[in-house]
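> Guided by the hints, dock chain L with the ligands onto chain E, whose structure is given.
Those protein sequence lines, which keep their order, are chains E and L. Throughout, this note's numbering is defined as the position within the first sequence, counted from one, plus 6. Throughout, this note's numbering is defined as the position within the second sequence, counted from one, plus 10.
What the hints contain is simulated information worked out from the structure, not anything from laboratory work. A virtual CB, placed ideally from N, CA and C, is assigned to each residue, including glycine. Misleading hints may appear alongside valid ones.
DSSO-like, lysine-lysine: derived pairs with alpha carbons at most 30 Å apart [unchecked claim]: (1) E/Lys16 to L/Lys80; (2) L/Lys71 to E/Lys16; (3) L/Lys176 to E/Lys109; (4) E/Lys121 to L/Lys17; (5) E/Lys16 to E/Lys193; (6) E/Lys120 to L/Lys176.
Which bits of chain L does chain E cover? Going by a derived footprint, with three or more residues having C-beta under 8 Å, they are [stated by the list, open to error]: (7) 145 to 152; (8) 166 to 175.
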Amino acid sequence: MSAEIIISVKDLEKHFNAGAVHALNGVSVDIEKSEVLVVIGPSGSGKSTFLRCLNLLERPTGGSVVFEGTDITAPRVNINLYRRRMGMVFQHFNLFPHMTVLKNLTLGPTELLKKSQAEADKKAMQLLERVGLSDRADAYPSQLSGGQKQRIAIVRALCMEPDVMLFDEPTSALDPEMVGEVLDVMKELAKVGMTMVVVTHEMGFAREVADRVLFMDEGVIVEQGTPEEIFDHPQSERLQSFLSKVL
Amino acid sequence: MAEAFAKLKESFIFNFIEGARWKYITNGLLVTLKVTFFALLLGIAIGVVVAMIRSSYDQTKDEMQPGFGKTLMTGLNNLARLYLTVIRGTPVVVQLLIGYFVIFVSTTNTVFVASMVFGINSGAYITEIIRGGIMSIDPGQFEAGRSIGFNYIQTMRHIIIPQAFKNVLPSLANEFIALLKETAVCGYIGLMDLTKGGDVIRGRTFSAFMPLIAVALIYLLLVIFFSWLIGKLERRLRSSER
Ligand SMILES: Nc1ncnc2c1ncn2[C@@H]1O[C@H](COP(=O)(O)OP(=O)(O)O)[C@@H](O)[C@H]1O
Ligand SMILES: [Mg+2]
Chain E
7 MSAEIIISVK
17 DLEKHFNAGA
27 VHALNGVSVD
37 IEKSEVLVVI
47 GPSGSGKSTF
57 LRCLNLLERP
67 TGGSVVFEGT
77 DITAPRVNIN
87 LYRRRMGMVF
97 QHFNLFPHMT
107 VLKNLTLGPT
117 ELLKKSQAEA
127 DKKAMQLLER
137 VGLSDRADAY
147 PSQLSGGQKQ
157 RIAIVRALCM
167 EPDVMLFDEP
177 TSALDPEMVG
187 EVLDVMKELA
197 KVGMTMVVVT
207 HEMGFAREVA
217 DRVLFMDEGV
227 IVEQGTPEEI
237 FDHPQSERLQ
247 SFLSKVL
Chain L
11 MAEAFAKLKE
21 SFIFNFIEGA
31 RWKYITNGLL
41 VTLKVTFFAL
51 LLGIAIGVVV
61 AMIRSSYDQT
71 KDEMQPGFGK
81 TLMTGLNNLA
91 RLYLTVIRGT
101 PVVVQLLIGY
111 FVIFVSTTNT
121 VFVASMVFGI
131 NSGAYITEII
141 RGGIMSIDPG
151 QFEAGRSIGF
161 NYIQTMRHII
171 IPQAFKNVLP
181 SLANEFIALL
191 KETAVCGYIG
201 LMDLTKGGDV
211 IRGRTFSAFM
221 PLIAVALIYL
231 LLVIFFSWLI
241 GKLERRLRSS
251 ER
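One chain only, chain E, in its complex shape (with noise of 0.2 Å):
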C-alpha cells in the first residue's frame, strides 16, 4: 500500500536561546492523508514544537517540512497560503474574545477565502450543527464553557476548509466531564477521514483513535508504531518507564 503522503518532515531541528535549548533534535516522519497519528511523551520532550514546527508557528532551525510538495521552509515561501490548508486547535482555545462565535468561524473564510458573508455563515452553521452548538452562534467566547469552546475552536479551523488538523493537546485545559465531548468531535473527524496530527496525554483516544503512535522525549521520535505495538508491546526502556507513570 503506497498511500498519499501530506506532509513529509526531515532532520528537523529546533534550538531557543541560540543554541542553548534543544527542543528538536533531528525528528523525521511522513505523514499520510487520511492518517490520524497520535505524539505522546513527557512534558518538554518537544511534542509542541515538533507540531508548531508543522505551520512554521514555530521557525525551524534545520531540516525541512515538505507540505502537498512544497518545501514551506524554503526562503521566500508564503507560508500564510499554506497555513490556510493547515488548521490548528490549541489547548487554551484561542477564540477571539471581542467576536461572536459566527464571526470567529467566518472571519478567515470571508477574508482569506474571499467566501460571501452569506456563504460563510452558511458552511458555520452546518459545522456548528455537526457538534451540536448551532444555537451558540451569537454567543460571545466567555459566555461558553471551556469544552464548548474547544469544540467552537475545532470548527474554526475547519471552516477553512484544511486537509490536516494539528491538535496540541485539545483536552488538557479542560474540566474532566468536558473531555468527552470533545474527543467525542475529533473521532468523528477520523471517522470522516480528516488527517490528523494529534498531541494528547489521553491515552484511550490514541489507542482507539490512533493509526500511529509516535513517542518522543528529549526532542527525537524514540518510539513508533501501532498503538497495539506501542501501548501492548513497548520496546525501549523509556517508553516502558513513561507507560508506567501514565496508564
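The following block gives chain L with the ligands in isolation, referenced to the frame of chain E:
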C-alpha cells in the same frame, strides 16, 4: 455678603458683557476643542502606525530573512525610535514654536499648525500606550490568527488592535484630557484659544480674577464632563463583551 455678590456681578458684566467680551471665551473654547480633537485624531493615527512598526519589528526581527524587507523594517524601526526620543525629550512649547516659526512658516493657519504639532507630540505618547495595549494581548490570540493564515498586518487589524484598543481606552482618554489642558500654551504662536481669550480680556479690563477664574472653571468642567462621558463609554464597551 450681598455687597460682595453685587461686586462680583458688576465685575462679571464689566469683563464679559461689555464690548461682547464673552466672545473671546466662546471663540477660544471652540479653538481649544478643535485643536484637541484634530490633534487626538492625528495622534491616534500616528500612534497606531508607529506602535505597529515598533512591535512588528520586535516580534519578527529574529525570523526575518535578509533582504529588502528586513532593511526597510530596520530603517522604519530606527526612524520610529528617533521620533519617540526627540518628541518625548523636548518641551511641547518648544515644539510648538519650531512648528510655527521653522517648519510651517508659509502658513498663517495657526489652528492647523497647533493641531499638527500637538498631534505629532501626542502621537509619541499614544504610541507607547498602544504598544503596551498590544503587548497585553495573550500571544495565543496572535498565534490563532496566524494559524488560520492571516498575515501579520491582517492579524493586527482584525484580532489584536480591536482588543488592544478596548484595553487602552482609559489611557487614551487620559491622554485626551491631558492634551486638552496642554493646548493652553497655544497662545505662544498667537492662537486665540480659551486661555489666550481669557488673558486678552484681562489685558483689556485690567482685572485678572474674573477672566482667569472663568477660564479655569471652563477647563475643569470640560475635564469632568469628558471623564464622565468616557466612563460611560467604557462601561458600554465592557458590557458588549459579556
Ligand atoms: N519559545 C521558547 N523559548 C525557549 N525554550 C522553549 C520555547 N518553547 C519551548 N521551549 C523548550 O523546548 C523544549 C520542548 O518544549 P515543548 O515542545 O513545549 O515540549 P512539550 O510540548 O513536549 O511539553 C522544552 O525544554 C521547552 O522549555
Ligand atoms: Mg506542549
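> Provide an ascending list of the numbers of those earlier hints which the structure does not satisfy.
As far as the earlier hints go, only 4 is violated by this structure.
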